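> What follows is the residue order along each chain.
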Amino acid sequence: MESHFLIMCLFSGLVGTFFATLTRDTLREGARAGALLALTMVGVSLIIAYVMYFLPLGG
Amino acid sequence: MTESPRIDPMRVAIGCVLAWAVPGAGHFYLGRRVKGLLFLGIILATFVVGLAFNGRVYLANPEQPLSYLATFANVALGPLDMIGRQVSYDRLIYFFPRESDRTLYQDILDKTRARILSVTHEYGTTFVLTAGLMNILLILDAFDLGIGRKT
Numbered sequence: 002m003e004s005h006f007l008i009m010c011l012f013s014g015l016v017g018t019f020f021a022t023l024t025r026d027t028l029r030e031g032a033r034a035g036a037l038l039a040l041t042m043v044g045v046s047l048i049i050a051y052v053m054y055f056l057p058l059g060g
Numbered sequence: 481m482t483e484s485p486r487i488d489p490m491r492v493a494i495g496c497v498l499a500w501a502v503p504g505a506g507h508f509y510l511g512r513r514v515k516g517l518l519f520l521g522i523i524l525a526t527f528v529v530g531l532a533f534n535g536r537v538y539l540a541n542p543e544q545p546l547s548y549l550a551t552f553a554n555v556a557l558g559p560l561d562m563i564g565r566q567v568s569y570d571r572l573i574y575f576f577p578r579e580s581d582r583t584l585y586q587d588i589l590d591k592t593r594a595r596i597l598s599v600t601h602e603y604g605t606t607f608v609l610t611a612g613l614m615n616i617l618l619i620l621d622a623f624d625l626g627i628g629r630k631t
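Heads up: the protein sequence lines correspond to chains A and B, in order.
Residues 2 to 60 (my numbering) are what the first sequence spells out, left to right.
Residues 481 to 631 (my numbering) are what the second sequence spells out, left to right.
Derived by calculation from the structure, the hints in this document are not laboratory data.
Keep in mind it's a predicted model, so treat the numbers as computed, not measured.
Some hints here could point you the wrong way.
[As the list claims (entries may be wrong)] Computed footprint of chain A on chain B, listed as stretches where at least three residues anywhere in the stretch have a Cβ under 8 angstroms from a Cβ of chain A:
1. 564-573
2. 590-604
3. 610-617
[Said to hold, decoys possible] A few chain B positions that, by computed beta-carbon distances, are all more than 12 angstroms from chain A:
4. 501
5. 546
6. 585
All C-beta atoms in this analysis are idealised placements derived from N, C-alpha and C, irrespective of residue type, glycine included.
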């Protein structure tokens, strides 16, 4: 798998699941917290990537 | 006046050591069996995916002080870290070899370069590093469970 986006989604999913399991005790709360965390990570990454698109590459 | 529950130091120590040796085992030992199994699955998946993406574990290098922190995070994975070192460098090595040791130095450089050439190398290394960092949190969480700070 060489898709940067899919790798980022996989990473966000694993980390989101980890923190949801660590900080929540019920499945319902955990699923909500994990999904929110994973989606936030993906969303913020996309926003940062979009902003960086306009930055000069140096030189 | 309520009495605080007695803390069994041996139980706490065993929980923490188990948490280091096998991700999730500390929680399993302390009675959080489902969480323990989930943690094992998540950390194992993160670590295996990291190595599959041609990630590598870090070697402590006096010329790069931050490499000590990264190596510490890797070592927090317990025996899994040894597997990572074997996969990355074909040997159990924790320090970047000195240049005077030509054979070992060249061998480690070659093995590192071979992995760096992979497109997914940086991602893989981040996955492996994150697995170690997550296990540090698990060890601390197992400690909190053991002393009753977390129920």
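> Evaluate each hint against the coordinates.
Verification of the hints:
| no. | hint | in the structure |
| --- | --- | --- |
| 1 | 564-573 | violated (count 0) |
| 2 | 590-604 | holds (count 3) |
| 3 | 610-617 | holds (count 3) |
| 4 | 501 | 19 angstroms, holds |
| 5 | 546 | 21 angstroms, holds |
| 6 | 585 | 31 angstroms, holds |
Hint 1 alone, counting from the list given before, is not met by this structure.
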